[in-house]
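*Asks:* Build out the structure end to end from the sequences listed, making use of the hints.
The UniProt record's numbering puts the first residue of the sequence shown at 1, with every later residue one more than the last.
Bear in mind the hints are in silico, worked out from the structure with no lab data behind them. Note that the structure is predicted; figures quoted are calculated from it, not measured. Do not take every clue at face value.
[What the hints assert, rightly or not] Computed beta-carbon distance windows for the label pairs:
#1 P111 x A43: 23 to 29 Å
#2 D53 x V28: 39 to 45 Å
#3 I46 x R158: 40 to 46 Å
#4 K16 x P47: 20 to 26 Å
#5 G169 x D35: 29 to 35 Å
#6 A39 x R158: 40 to 46 Å
From the three backbone atoms N, C-alpha and C, an ideal C-beta is built for every residue, glycine too.
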Amino acid sequence: MIRHGVVINTPHYITKSGPRSRVLPELVEQWEGFDARTALTTALGIPCKVLNDAEVHAAGVITGQGLEVVLTLGTGLGFALFDGGRLAPHLELSQIPVKPNVVFDNYIGEPERRRLGDALWSRRVVRLVDSLRSVFLWDRLFIGGGNSRHLTPTYLARLGDETVIVPNGAALIGGARIWLLDPR
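*Replies:* If you want it as C-alpha cells, here you go:
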C-alpha cells in the first residue's frame, strides 16, 4: 500500500516467486517506509508518481463527476477511489476477509476464476460489487482489468446502470492523464 509515494504497508506480493508464494519478512522490512517516489525522482532526474495499477487504470476512465470507484479484476482485486476527480487515499480492499483465511484477492483472483469457471466466478464478482455498493454509495463504478472480459452477460446485467465495463488498455491513458488530475 502506497500513500503519497511512500510504501506504508506490504500486505501481499512481497515474495521472490510471485503471487501466492511465501511472503518474505526481510522484503517486507525493506519495503515498509520506503519513499519510492523520491527514490525514483532522484534516480531518473524527473518528477515521478508511484501509484498502484488500479489507480492508474482509474485515471484513464473517470469522469471527475462525483464519487467514482474502479475495480480491476486480474491476478487479484484492484481498487481505486476518486472523489470529484481527485484520488482518495489508497484502501487495500483486496485484503478484506471474505471468510476465515480467504481475502477478496483469493476469492475472485485468476486462480479462482479458472477453478470455478466464468459463470460462478461472475456471481462472486456481483456479490463483491453488492457488498461494496452499500459501503461506498458510488455515483459510478468502473470495472476493468484483464479478467473483466470474463464476466458473463447474465451477471453483467445485475451490476446496475451505474456500472461501466472498461477496456484493460485504459491504464495506458491513465498513466498520462494522472498528471492532469494530480499535478503534484
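*Asks:* Each hint: holds or not?
*Replies:* Going through the hints against the structure:
1. P111 x A43: 23 to 29 Å: 35 Å, violated
2. D53 x V28: 39 to 45 Å: 20 Å, violated
3. I46 x R158: 40 to 46 Å: 45 Å Cβ-Cβ, so the 40 to 46 Å window holds.
4. K16 x P47: 20 to 26 Å: 31 Å, violated
5. G169 x D35: 29 to 35 Å: Once the Cβ atoms are compared, 30 Å apart, the range 29 to 35 Å for D35 and G169 holds.
6. A39 x R158: 40 to 46 Å: Holds, at about 44 Å.
Checked against the numbered hints above, the structure violates hints 1, 2 and 4; every other hint is satisfied.
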